[in-house]
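Student: Sequence:
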Amino acid sequence: MALLNFEWLKKGSQKDNEKPLLKIKNLRVRLGTRLVFEDLDLTIYRGDQIKVTGSNGAGKSTLLNAIMGVDPIEHGEIAFNGLDITNHSINERTKLGMSYTMQRKNVFPKLTVEENLQLALGNKGYHLFEQSFPRWSKDIKPEVIVDTLSGGQKQKLAVGMTVCKESLLYLLDEPLAGMSSDAKEDFFNFKRSTVIFIEHK
32 MALLNFEWLK KGSQKDNEKP LLKIKNLRVR LGTRLVFEDL DLTIYRGDQI KVTGSNGAGK
92 STLLNAIMGV DPIEHGEIAF NGLDITNHSI NERTKLGMSY TMQRKNVFPK LTVEENLQLA
152 LGNKGYHLFE QSFPRWSKDI KPEVIVDTLS GGQKQKLAVG MTVCKESLLY LLDEPLAGMS
212 SDAKEDFFNF KRSTVIFIEH K
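Residue numbering for the sequence shown is 32 to 232, as defined by my numbering.
One or more hints might be untrue.
What the hints assert, rightly or not - As a list, the in silico DSBU-like pairs of lysine-lysine whose alpha-carbon atoms are at most 35 Å apart:
1. Lys136 <-> Lys54
2. Lys172 <-> Lys50
3. Lys126 <-> Lys172
Everything labelled a hint here was simulated from the structure, so no lab data went into it.
Just so you know, these numbers come straight off a predicted model, no measurement behind them.
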């Protein structure tokens, strides 16, 4: 098995006796006959921002899928905000405060930018996106059909649809793929509480 690497880009201001926001214990995940990882422990507090790297097949996307309930786990426990969510559905985890952008961009290509943001964020979706990422919104106009955007623009939209909503934990699978250095700078300058994101190495 290849190893996952965890790098804390920012540590939250942990308070005395504060419970972890996310605690993973002895996690084992198998896809088909392939053991992806086992005995994985991870403890994350509010405000932590963590980059996950590893070689192809190390299980980066599988880890986020397991946290979100997309991929089933074979063994172990996942607790979120003090609650055991090991057997919770994706919908239940979302209601508890998790947001997830998968590696394949979760946008609706035949709809406009504004319609995509409204579906994700409500009627003020584009306004929230514009406020959060002013430089991004200059090149991503509300009336444009998403299918006509470049790959990098679609990626920005997908990230915006996730991180502009109020959540406790943001799970982002390769959010910086296809982005320019300026766009990456905007992403890191955008302060959100707790983030786990994958970066391809």
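Student: Is lysine 136 within 35 Å of lysine 54, Cα to Cα?
Tutor: Satisfied, since the Cα-Cα distance of roughly 27 Å is no more than 35 Å.
Student: Measure nothing beyond the straight line between the CA atoms of lysine 172 and lysine 50; if it is 35 Å or shorter, mark the hint as holding.
Tutor: Answer violated: lysine 172 to lysine 50 is near 42 Å, above 35 Å.
Student: Is lysine 126 within 35 Å of lysine 172, Cα to Cα?
Tutor: holds, 30 Å
The structure does not agree with numbered hint 2 stated previously, though it agrees with all others.
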